[in-house]
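*Asks:* Please take these sequences and the hints and turn them into a complete structure.
In terms of the numbering used here, the sequence shown opens at residue 19 and continues consecutively.
One or more hints might be untrue.
Across the chosen pairs, the derived CB separations fall in these ranges [as the list claims (entries may be wrong)]: (1) L136 / S45: 18 to 24 Å; (2) S45 / W142: 16 to 22 Å; (3) I84 / Y59: 29 to 35 Å.
Listed next, the in silico SDA-like pairs over lysine to any residue satisfying Cα-Cα at most 20 Å (straight line) [claimed, not checked]: (4) K129 / G85; (5) K76 / V40; (6) K58 / K131; (7) K56 / L146; (8) K65 / C28; (9) K76 / A30; (10) K127 / L146; (11) K65 / Y93; (12) K58 / K105; (13) K129 / E63; (14) K129 / S96; (15) K65 / S96; (16) K76 / G41; (17) K56 / C28; (18) K65 / P49; (19) K32 / Y123; (20) K127 / E63; (21) K76 / V116; (22) K65 / V116; (23) K100 / I110; (24) K32 / K80; (25) K131 / G148; (26) K65 / I23; (27) K147 / S96; (28) K105 / Y123; (29) K105 / L146.
None of these hints come from the bench; they were simulated from the model. Every residue gets a Cβ at the ideal spot worked out from N, C-alpha and C, and that includes glycine.
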Amino acid sequence: MGVAIHTPNCSASKGYSSGWGVGGGVSCSGPGASVSAKSKYVGGEAKVSVGEVEAHAKANKKGISIGGEATLHKYSSSIDIKIPFTKKSISISGSIGVGSIGAKYDISKTKVKAYTALGVGFGWGIELKG
19 MGVAIHTPNC SASKGYSSGW GVGGGVSCSG PGASVSAKSK YVGGEAKVSV
69 GEVEAHAKAN KKGISIGGEA TLHKYSSSID IKIPFTKKSI SISGSIGVGS
119 IGAKYDISKT KVKAYTALGV GFGWGIELKG
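*Replies:* Structure follows, in structure tokens:
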């Protein structure tokens, strides 16, 4: 089990380091905290953040991701479940933002994620990992 306190930070990214791809993004987040736990077959994480701004647009051979969001408080969690007899796992995630505006979408061969907000935002995702 792990517990982390997050300090405010900002970051920017551009392009991809290998292969075909274009895009970039910027993000800034305020303080937050996360709790995580993991066993042999199941793992999970819960996060709380205060003040977050993000914008990005990316495309490569694997998929496309586009969106932007500003939120005052965001609560998110995910659970990873190992698929028996494989080295893969499935991740199911969800989030709720309060005082939010924006939309984010992420689609590829292995994942689908969506988040839409106007006042209160809701997001969900499913991803095949490994």
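*Asks:* A separate judgement is required for each hint: does it hold in the structure or not?
*Replies:* Quick rundown of the hints versus the structure:
no.	hint	verdict
1	L136 / S45: 18 to 24 Å	holds, 20 Å
2	S45 / W142: 16 to 22 Å	holds, 20 Å
3	I84 / Y59: 29 to 35 Å	holds, 34 Å
4	K129 / G85	holds, 16 Å
5	K76 / V40	holds, 6 Å
6	K58 / K131	violated, 25 Å
7	K56 / L146	holds, 17 Å
8	K65 / C28	holds, 18 Å
9	K76 / A30	holds, 13 Å
10	K127 / L146	holds, 9 Å
11	K65 / Y93	holds, 6 Å
12	K58 / K105	holds, 12 Å
13	K129 / E63	holds, 18 Å
14	K129 / S96	holds, 14 Å
15	K65 / S96	holds, 9 Å
16	K76 / G41	holds, 4 Å
17	K56 / C28	violated, 28 Å
18	K65 / P49	holds, 11 Å
19	K32 / Y123	holds, 18 Å
20	K127 / E63	violated, 24 Å
21	K76 / V116	violated, 26 Å
22	K65 / V116	holds, 14 Å
23	K100 / I110	holds, 12 Å
24	K32 / K80	holds, 17 Å
25	K131 / G148	holds, 17 Å
26	K65 / I23	holds, 10 Å
27	K147 / S96	holds, 13 Å
28	K105 / Y123	violated, 27 Å
29	K105 / L146	holds, 11 Å
Going through the hint list in order, the structure does not satisfy hints 6, 17, 20, 21 and 28.
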